[in-house]
Amino acid sequence: MSQEQIDRAIAKDYAAGFTTDIESDTLPPGLTEDTIRFISAKKNEPEWLLEWRLGAFQVWREMVGPDWAHVDYPEVDFQSISYYSQPKSMEDRPKSLDEVDPELLATYEKLGIPLHEQEALAGVAVDVVFDSVSVATTFREKLAEAGVLFCSISEAVQQYPDLVRKHLGSVVPRKDNFYAALNSAVFSDGSFVYIPKGVRCPMELSTYFRINEANTGQFERTLIIADEGSHVSYLEGCTAPMRDENQLHAAVVELVALDDAEIKYSTVQNWYPGDAEGKGGIYNFVTKRGLAHTNAKISWTQVETGSAVTWKYPSCILRGDNSVGEFYSVALTNNLQQADTGTKMIHLGKNTRSTIISKGISAGKSSNAYRGLVRVGPTAKGARNYTQCDSLLIGDQCAAHTFPYIESKNPTGIIEHEATTSKVSDDQLYLCQQRGLDPEKAVSMIVNGFCKEVFKELPMEFAVEAGKLLEVSLEGSVG
Amino acid sequence: MLSIKDLHAEVEGKNILKGLNLEIREGEVHAIMGPNGSGKSTLGHVLSGRPGYEITQGSVEFLGKDLLELDTEERAHLGLFLAFQYPVEIPGVSNMEFLKASVDAVRESQGASAYDTVGFMRRAREACTAVDLDQAFLKRGVNEGFSGGEKKRNELMQMMLLEPRLCILDETDSGLDIDALQVVASGVNAMRSESRSFLLVTHYQRLLDYIEPDFVHVLADGRIIRSGDKSLALELEAKGYSWLDDGEVA
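Just so you know, the sequences run in chain order A and B.
At position 16 of the first sequence (counting the first as 1) the number is 16 in this note's numbering, and the numbers step up by one without a gap.
Take any residue in the second sequence, count from 1 to its spot, add 479: that is its number in this note's numbering.
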């Protein structure tokens, strides 16, 4: 496999890069207190939430963006972004799928999202967020029977204000970091889930995010609360059309797992990565964190193939005794993509356990960094962590980095860290080709093998999808 | 079936093959012997199309096609198989998955329908048994953590399932104990047929005790300097390669 062949194969078109021609109601670019008041009023929010947003905005104005990540991009001009966009026909929110704009439905069909219930993958309920507005939630009635609340966060603010008020910002405080503060000030929509005590959610829940409008940012906010002894599995997927400008996506996801509850959160992120010269693409600056109470378990699985720049560390605060945190990650970068991603496992309770399996794949001229923190606090007697961090290089112009931070303040803690770096070798490709496989199929097979430990954590349907996504993202990485 | 004429090839600017001629007809078994560095393994890689080998002169025709014009995988689709001397590992990709993908790709290129999964698994298990490997090997990563002998048997298993027209075995016998050697030999013998040919690259006459060749060639300094029947191998075993050096290299 020559470098030239590899280069040719890495060049690849973004399959989700179409735009949808829908009339939309978009706020002009710019961010002031008025912007926030506009968003809050548009959503008919209670006073406390407006105050909460404005408080976040105050904090944000005094903060500076993080510069410690191993990524390099021009400074974001926050005044050139539109903070609110909604498809026009949404002015009167649809009551059912029949009322949803057919153009929009066609978009989702192109994306292969099963919006219509009859076409849905068995047992997957989907909440769709298009630009800033949650468009439709499927399977609502069936979930309601089980007492599960699954709706957009805007709706939850109206219908379940107590739950939202109690938990919003409880895991990711407004001033947690620059982008979390920004999100708290301007979040437009997102998903809300509540699973009552002892309930095992009868189906996988899923959200699909899509940025359609040019020059819009997407600031979704997701809040999942699993009450005592409950169980939920949640998946989010993301795409965006191809545009020359960079677009900002700064989301916050908060998970609350009360005693004995379990939350499994899976992400398949395929935001537009920019073209082969690094023009355009999404800046994906996301804060995701879960709080695990006694005997609770939080499991993050992510497959990250898109975005021009990724800055993302889904984390677990293991506050309760015997709580468990898991992080399974595949991050693939190609062309000029940059990713700095990993996790934080904060052990506070006794006998807390965490597992980190990270698989980074770099192709083209991309840069892929794993950054992880394992902290065992003084109270975390008998805490255990196992970290495995593997990097795979394709070609000879990409880079892989590992930044593990380990802090143990309790002598009974056991922390293990293993790391490997390997290359898709010419000999492996030769073997595959000699056996009749074309080079693209061969690379995809090798990469899938490398990711196997993570893929097996994904819900079945999505594991297949993730495998295909890798194949597509790598198309052109060999020839 | 295979016709090599005046083949010259170099690797990293170094001439390895310097005018090699060889004819293999359907159903024949040819053995190529020769000292280290004579170009034996190079011949196998040049035929199968390994990147980095440059053909500077000559031609190779395989089943009526200009072999040198084809990509590596296209040669495999035509039915050319190389059993590697040092098979590489592909961690995480199960042997079964790899075999299925490989057989599917070859069959698809030949216009044959893919085997259904159950049918294929049965065939794979049979091949596994035939090369005396435990069924567990089908679930393990390709060559991952296999011993040298296990890797060679795994190569043979792939060969059985792919049903190639021309099998090139690159020192498949090296590093094998006598039991494993017999397994490999009986596997090859079972596959011999009127339409399938073999090119055995080996250092030792020992393999030829078990797989009887129709022709034996001696390769030295990039050319075939002597051809004969199986008795040539015995003669070489007794006298060593230096026996050919004096005046025989014409």
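No lab work stands behind these hints: they were computed from the structure.
All of these numbers come straight from a predicted model, not from anything done at the bench.
Treat the hints loosely; a few may be bogus.
Stated by the list, open to error - Each computed DSSO-like pair below joins lysine-lysine, with the alpha-carbon atoms no more than 30 Å apart:
#  : chain 1 : residue 1 : chain 2 : residue 2
1  : A       : Lys423    : B       : Lys544
2  : A       : Lys452    : B       : Lys618
3  : A       : Lys441    : A       : Lys452
4  : A       : Lys365    : A       : Lys344
5  : A       : Lys441    : A       : Lys365
6  : A       : Lys452    : B       : Lys579
7  : B       : Lys579    : B       : Lys544
8  : B       : Lys493    : A       : Lys468
9  : B       : Lys579    : A       : Lys441
10 : A       : Lys381    : A       : Lys423
11 : A       : Lys365    : A       : Lys468
12 : A       : Lys365    : A       : Lys423
13 : A       : Lys456    : B       : Lys493
14 : B       : Lys618    : A       : Lys423
15 : B       : Lys618    : A       : Lys456
16 : B       : Lys493    : A       : Lys423
17 : B       : Lys618    : A       : Lys441
18 : A       : Lys468    : B       : Lys579
Hint check:
1. Proximity of A:Lys423 to B:Lys544 is assessed by CA-CA distance (about 34 Å); at most 30 Å being required, the pair is judged violated.
2. At most 30 Å may separate the alpha-carbon atoms for a hinted pair to count; A:Lys452 and B:Lys618 meet this at roughly 13 Å.
3. Between A:Lys441 and A:Lys452 the CA atoms are separated by roughly 16 Å; this keeps the pair inside 30 Å, and the hint holds.
4. At roughly 27 Å between alpha-carbon atoms, A:Lys365 and A:Lys344 fall within 30 Å of each other, so this suggested pair holds.
5. At most 30 Å may separate the alpha-carbon atoms for a hinted pair to count; A:Lys441 and A:Lys365 meet this at roughly 21 Å.
6. Note on A:Lys452 and B:Lys579: the hinted pairing holds, with a Cα-Cα distance of about 17 Å set against a maximum of 30 Å.
7. Between B:Lys579 and B:Lys544, the direct Cα distance comes to roughly 27 Å. Compliance with the 30 Å bound is thereby established for this hinted pair.
8. As the CA atoms of B:Lys493 and A:Lys468 are separated by approximately 42 Å, the hinted pair breaks the 30 Å bound.
9. With a C-alpha separation of about 13 Å, the suggested pairing of B:Lys579 with A:Lys441 holds against the 30 Å cut-off.
10. A threshold of 30 Å between alpha carbons decides the hint, and for A:Lys381 with A:Lys423 the separation of about 39 Å lies outside it, so the pair is violated.
11. At most 30 Å may separate the alpha-carbon atoms for a hinted pair to count; A:Lys365 and A:Lys468 meet this at roughly 22 Å.
12. The hinted pair formed by A:Lys365 and A:Lys423 meets the criterion: a straight-line CA distance of about 14 Å does not exceed 30 Å.
13. Restraint check: the Cα-Cα separation between A:Lys456 and B:Lys493 comes to about 47 Å, which exceeds 30 Å; the hinted pair is violated.
14. Distance check on the hinted pair: B:Lys618 and A:Lys423 sit about 23 Å apart at the alpha-carbon level, within 30 Å; holds.
15. Taking the CA atoms of B:Lys618 and A:Lys456, the gap is about 15 Å. The hint holds against a cut of 30 Å.
16. With a C-alpha separation of about 27 Å, the suggested pair B:Lys493 and A:Lys423 falls inside the 30 Å cut-off, and the hint holds.
17. Simply put, B:Lys618 and A:Lys441 have alpha-carbon atoms about 20 Å apart, close enough for the 30 Å limit, and the pair holds.
18. About 18 Å separates the Cα atoms of A:Lys468 and B:Lys579, which keeps this hinted pair within 30 Å; it holds.
The structure shown violates the earlier hints numbered 1, 8, 10, 13.
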